[in-house]
Amino acid sequence: MTRADLLFPSEPTQRAIARELYALAKDQPIISPHGHVDPAILADDAPFPDPAQLIICPDHYVTRMLLSQGVPPASLGVRTLDGEPYETDGRTIWRTFAAHWRLFRGTPSRLWLEETFREVFEVTTPLGPETADEVYDAIAAKLAEPEFRPRALFERFNIEVLATTESPLDDLGRHAKLAADGWGGPGGRVITTFRPDNVVDPEFLDPVSGTAWADNVARLGELTGEDTATYLGYLAALRKRREAFIAAGATSSDHGHLTARTLLLDESEAAALFEAHLRGEGDPEKAEAFRAHMLVELARMSIDDGLVMQLHPGSVRNHNRWLYGRHGRDVGGDIPQATDYVHGLAPLLSAYGNDPRLRLVVYTLDEDTFTRELAPLAGGYAAMYLGAPWWFLDSPEVLRRFREAVTETAGFYNTSGFVDDTRAFCSIPVRHDVARRIDAGFLARLVAEHRLPLDEAAETIVDLAYRLPKGIFRL
Amino acid sequence: MTRADLLFPSEPTQRAIARELYALAKDQPIISPHGHVDPAILADDAPFPDPAQLIICPDHYVTRMLLSQGVPPASLGVRTLDGEPYETDGRTIWRTFAAHWRLFRGTPSRLWLEETFREVFEVTTPLGPETADEVYDAIAAKLAEPEFRPRALFERFNIEVLATTESPLDDLGRHAKLAADGWGGPGGRVITTFRPDNVVDPEFLDPVSGTAWADNVARLGELTGEDTATYLGYLAALRKRREAFIAAGATSSDHGHLTARTLLLDESEAAALFEAHLRGEGDPEKAEAFRAHMLVELARMSIDDGLVMQLHPGSVRNHNRWLYGRHGRDVGGDIPQATDYVHGLAPLLSAYGNDPRLRLVVYTLDEDTFTRELAPLAGGYAAMYLGAPWWFLDSPEVLRRFREAVTETAGFYNTSGFVDDTRAFCSIPVRHDVARRIDAGFLARLVAEHRLPLDEAAETIVDLAYRLPKGIFRL
Amino acid sequence: MTRADLLFPSEPTQRAIARELYALAKDQPIISPHGHVDPAILADDAPFPDPAQLIICPDHYVTRMLLSQGVPPASLGVRTLDGEPYETDGRTIWRTFAAHWRLFRGTPSRLWLEETFREVFEVTTPLGPETADEVYDAIAAKLAEPEFRPRALFERFNIEVLATTESPLDDLGRHAKLAADGWGGPGGRVITTFRPDNVVDPEFLDPVSGTAWADNVARLGELTGEDTATYLGYLAALRKRREAFIAAGATSSDHGHLTARTLLLDESEAAALFEAHLRGEGDPEKAEAFRAHMLVELARMSIDDGLVMQLHPGSVRNHNRWLYGRHGRDVGGDIPQATDYVHGLAPLLSAYGNDPRLRLVVYTLDEDTFTRELAPLAGGYAAMYLGAPWWFLDSPEVLRRFREAVTETAGFYNTSGFVDDTRAFCSIPVRHDVARRIDAGFLARLVAEHRLPLDEAAETIVDLAYRLPKGIFRL
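Residue numbers (the UniProt record's numbering), protein chains in the order written: chain A, 1 to 475; chain B, 1 to 475; chain C, 1 to 475.
Keep in mind that the hints are not guaranteed to be accurate.
[What the hints assert, rightly or not] Across the chosen pairs, the derived CB separations fall in these ranges:
id, chain 1, residue 1, chain 2, residue 2, range
1, A, R95, B, R239, 40 to 48 Å
2, A, T88, B, R3, 53 to 61 Å
3, B, D5, C, P129, 44 to 52 Å
4, B, D5, A, G128, 27 to 35 Å
5, B, V208, C, D27, 37 to 45 Å
6, B, R239, A, D330, 36 to 44 Å
Quick caveat, the hints were computed from the structure, so don't treat them as lab data.
A quick note: this is a predicted structure, and the numbers were derived from the prediction, not measured.
Quick reminder that beta carbons are idealized off the backbone N, C-alpha and C, glycines included.
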């Protein structure tokens, strides 16, 4: 970082301590136990496409902000589902983006992009409408160099381990290639994560292909040779895929549910729900019950096979229906909703919350639950850890509020470290750097207010940056 | 301001930057696109009454605080509905108020009143039980001078445009007078706002006159010559009144609803609800459905006629039943409630949220929704803007928390600038000044933490103070 | 305090003011109007047991944090209900605790324990795995000295009055002993509080003894000579016990309910609910209605007999079922839930919220309600006061957020001062000291930002530390 004091408190006593603490964390290897980088990037190690295709088109933080000011996603290169044209010229997209650069003032996107330009691509010209071409050309030139191939960047970024996220229906071919190249497999640098939402959620539907849950369950059967027309066969198939994921290096599973509801059903009740949905006789209430039960079932599997269980609840998918209809999923149309963890997680925690074999990392989009629900739960159950602020919340202000809100009840050691959760490979270093800087600033305040001795703060910052995520995610 | 550094961070680096930024904002003209100043004040331009009648009796921030410590509103000159006596002597009221001055320590009322005394009335004697008469007399003396007439103050306050708020049943006579005097009409200095709650909410009832919604609907028919016994006639009448309001300078409408619920009904369903209520066959659920539907209907009208649509949900009116029974509405008996914007606004936003012709400014009394709901919605829909912190929240601490909470997801440019929302004409400058100071302090921190260059912060503070509200409210 | 600036803002201007303000508060006598110290401690004035029995085993803040990292409560000396063995050797317990000391970094427990070691026991060796025995021995040595008997400490702590909490079924024998020794009774140093939950909540059940609500109601009848098989007899019995509590010095009652719901039933409806539950024909809904009604009934009793009414809602008791099954109640298994005060308290406040004879102090575990609900209610009803941040929230960060959130709407004078709410007698001074330091820091910021003159801040800090709790709790 050229801007050495970026994000540190400006009060001189705290700033001096923050610098000292940050110096201990900044060169720690990056542990990235949860994210959405396409494993093909690292398996193929091909040069990245043009700057717009790399940085703008796939980043829904960017395209949603421009949409909010009336700039259509199609003009930013977001693919349409309905055959309507969309911009494909990288330079044109980049100019549109640069013309609206001021919208990002005060946002983490601004910070991530600026630091990526500066640190990854060594472009120091400030972006703006007049410098759009200059910045574009400079980045494009870098992308043509071999040092900017994905694996070279991976090394330069000092990433120790990166977990991608795949569906059980994925054949894990990219991860096999990575393993063959010495990059993947158990204990490898690039590993997978077991994310079974599309075979667990009876309401799942892909807007492009029309594929529904029942189709996915059938395909799960084909992949595993289990009879997934029965509930027990379905569970057996899930277990088999977990084994395959573990063989591909996975140490955790991930679950994106609308709510945090969990439910203990006996086998016959669960089977009845499963079969009702397979017959097309489900309804929203039954679907919620099945998802809630499956979280408990998956926790049991975790107890058996050791996968750390991650839960990401509270995102109302595709709230922006116009956007969904035109561009599909994962393009910025989701909105958080209030989430009840206290009653939602009670059945699961009552059953397994104190079982030393279970490790459950819970995330939130609802910061109102930090103090009231998540810190008391993580600080009161042996199995539960508190995941890093997620998505809309993975920003400097919220990372700071997270520590202010949860530390007093959960301490530092029930939190599981920063996760970048990103598709944007080039932004991984800056995202982790931001979290380390904010933690340094928070710890500096504790030291400055005589609440923690400097030597303990020094140990803690390294724990947060490196040792905690590595240990908790069994890496 | 004599107290040059009022409300700035005390950390010297930030304070120095805040001063520099504030200097750019402080002399910007005041844009007041939403408030409750009585237009008669400016239409008649009569001298203000005594200090207590001007400052204490109508200010429910003040009377509710004294009530909370056992001082009856009647002793503060709040008119009773039941014929019980109430204090009318200005000096007596003022003394009671001054005797409880310490209650306001740390509140925005303290700040507003103190700065109003100092800046508007040039009274620098600190208020207190012993100085009550001295301050009273000094203000009373000023009120007798021609420079303290409303229009003279308006000029001195450097107000560029002030929007008042009227019901569709208002004849807009005061605004006609203002237009005749060169003060009102389209593009004028004093304009109106279309606030149709009393003809939109089937549960509306005026406790004094006994006038109910159906009476108001009938009167709407008389005013417009439309047959408001039918739903289509009712809609036509609303459209006619909107035209009249636009002719009186209005650029926005305003809607105070209990919840943020919206609902798309087809015409026959809406007509059936309308008619059921007219026949006296409504119920709370039907009333909520009708209000929810009408928000969508009014959004359609906005798309047609260009009025910016403001939504103020979440106030439980007349929670304090004793106060309501004795003194009626708008005297400090309302209490906020939790508000669900994510599901409430979904139908409206699905239909028109990306329509470039709609402009929807949403306010809240529930700051728990800043990060979780409002910033994601405003940062993801083209039509939606985030209104300034409202009412209980229009205070220094919350104005700061608002920027800290929403900027990272919505940026600065999806917020619509400060609104004073006040009945208290003399407090308008200080309210805007407080917002400018807090924004200066917030931006100063971003600069001091190297998150925003000074030149961009300088442009932003003027945008927030002047250009954004002027542009977004089409002024 | 050796660490003179503990918890003060590190910015020099604010720190200097904070020191000045804190100097005015630090030697004020402690008013402790709500807590859970066992009155036997002071009645018997026996030496305290070993350090672990005194400090670790009964402190569920400590045992729950260790449980959250997999350390079983039984290994920390928490008594089991099922006959399973639990550790009883103080030194062994202490070593286990010390081995996990780093878990408490950044928590209030760390602060309380460290300051208790330092200030109460004059042990300055930093605790850690290597120093466990040294610290243990040093504290044990002090505990053997007569200066460390409870009454001697009480004097040294400068406690003016300490309220314990008893059930109406308690015979108040310890308080009689205290009164006989000149320590208790009306106006005494150690007084009781009337906490009738176990005779008011029809769902009450003691997991150890099996005692249920109906058993308690019967015993209430025996104690008072009233026929508690009837509703009117039950009310009469409650009134008699309140008289007895007042005679033992009580000035307040306390009510721990799952929700803040209140309900006005007429006598026959209430009697029907009461009798249904006595007959074993209750259900959760009826139980909630009865509790809600009883809050109104108890408010009426308060109006008659002058007991200040405290309400503590929102704790989901025994959320951790494993912990409850093994170790019972009050060992760290409770979790907060979201609480609705606005609608919950409306019936009670509508009936008596402006009655000058009622004084209702409301607490919360849900800080999301600070600005939205509690500050507006306390700042709008004469009878209501806002209790100090409770339990999970009685920490430096939340004490500061509390002032930042509520002061602007409720002021300082609708808050009722700090309550330590603790079982841990030796931690009382540090808990009050933390609150005083945070208030000093908050007021210092107001002064540094020119929002409050120093002389008024100086008066306010003494009000908060001493005069307000003393006055509001009628001590």
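Run the structure past the numbered hints and jot down the numbers of the failing ones, going up.
-> Hint 5 alone not satisfied by this model.
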